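Quick mapping for you: the protein sequence lines, in order, are chains X and B.
Using our numbering, you'd call the opening residue of the first sequence number 1 and step up by one each time.
Using our numbering, you'd call the opening residue of the second sequence number 1 and step up by one each time.
Keep in mind the hints are simulated off the structure, nothing from the lab.
Just so it is clear, the structure is predicted and the values come from calculations on it, not from any experiment.
Be a bit skeptical, because a hint or two may be false.
[Unchecked claim] With a cut-off of at most 25 angstroms between alpha-carbon atoms, the simulated BS3-like pairs for lysine-lysine come out as follows: (1) Lys-15(X) to Lys-73(X); (2) Lys-22(X) to Lys-104(X); (3) Lys-104(X) to Lys-102(B); (4) Lys-22(X) to Lys-102(B); (5) Lys-65(B) to Lys-57(X); (6) Lys-73(X) to Lys-102(B).
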Amino acid sequence: AQRVTQPEKLLSVFKGAPVELKCNYSYSGSPELFWYVQYSRQRLQLLLRHISRESIKGFTADLNKGETSFHLKKPFAQEEDSAMYYCALRGDSNYQLIWGAGTKLIIKP
Amino acid sequence: EAQVTQNPRYLITVTGKKLTVTCSQNMNHEYMSWYRQDPGLGLRQIYYSMNVEVTDKGDVPEGYKVSRKEKRNFPLILESPSPNQTSLYFCASRGQTAPNEKLFFGSGTQLSVL
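If we strip away everything but chain X, and leave its shape as in the complex, we get:
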């Protein structure tokens, strides 16, 4: 079965501390993984995708096939990073994304 698990509903860290939002997936094929972010009163938007191997707003995410994970990391959290983060997997169908339940990240000053 295809599944995305974000084990933390809420993650709270202090400004300047490292952040890691966990994402684990279940998929037998070669996955494509994404992180989407929803800032307060804004639309959901793509943050990054594993295929691009990019760093956006200081965030990176590495696909670990052995651990079936795609954790989102940032070395030094900023207050503006407070948002809802969703991990998503594109599985068998090119057009459907399978979504995790989301993690609410709160950065404390």
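Given the structure of chain X, go ahead and fit chain B onto it with the hints provided.
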């Protein structure tokens, strides 16, 4: 400005009263989709459409209908809303030129069914 527009932003209705949430995109995208967002459940897909007159069920289609008569519009119809359809709804679109092209989301419709 390229965007997905949903209306209304907020809607309160009563059980059984038919309603329509509109969604329009100006990017000439083939693919459009409806999601509902519930606490602890994340985003769940209701219906999607890969092009005009082509629609298909997502994970939670019960109680919903959609239509795709034109490329830009993809309305979500609740023929007889029930309280368990109280949720935050998002419309999204994407071109089909590449499988990993990003989704563009609307700003959401908060629906309350009393």
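task: Please work out if Lys-104(X) and Lys-102(B) have their alpha carbons no farther apart than 25 angstroms.
output: holds, 21 angstroms
- request: For the pair supplied as a hint, Lys-65(B) and Lys-57(X), confirm whether the alpha-carbon distance does not exceed 25 angstroms.
  value: With a Cα-Cα distance of about 38 angstroms, the restraint between Lys-65(B) and Lys-57(X) is violated, given a limit of 25 angstroms.
message: Check the hint pairing Lys-22(X) with Lys-104(X) against an upper bound of 25 angstroms on the C-alpha distance.
response: Measuring from Cα to Cα gives roughly 12 angstroms; hence the hint holds.
- prompt: Is the Cα-Cα distance between Lys-22(X) and Lys-102(B) 25 angstroms or less?
  reply: holds, 21 angstroms
- prompt: Hey, Lys-73(X) versus Lys-102(B), does the alpha-carbon distance stay inside 25 angstroms?
  reply: holds, 20 angstroms
field: Agreement of Lys-15(X) and Lys-73(X) with the hint, judged by alpha carbon distance not exceeding 25 angstroms
entry: holds, 14 angstroms
Checked against the numbered hints listed earlier, the structure breaks hint 5 alone; every other hint is satisfied.
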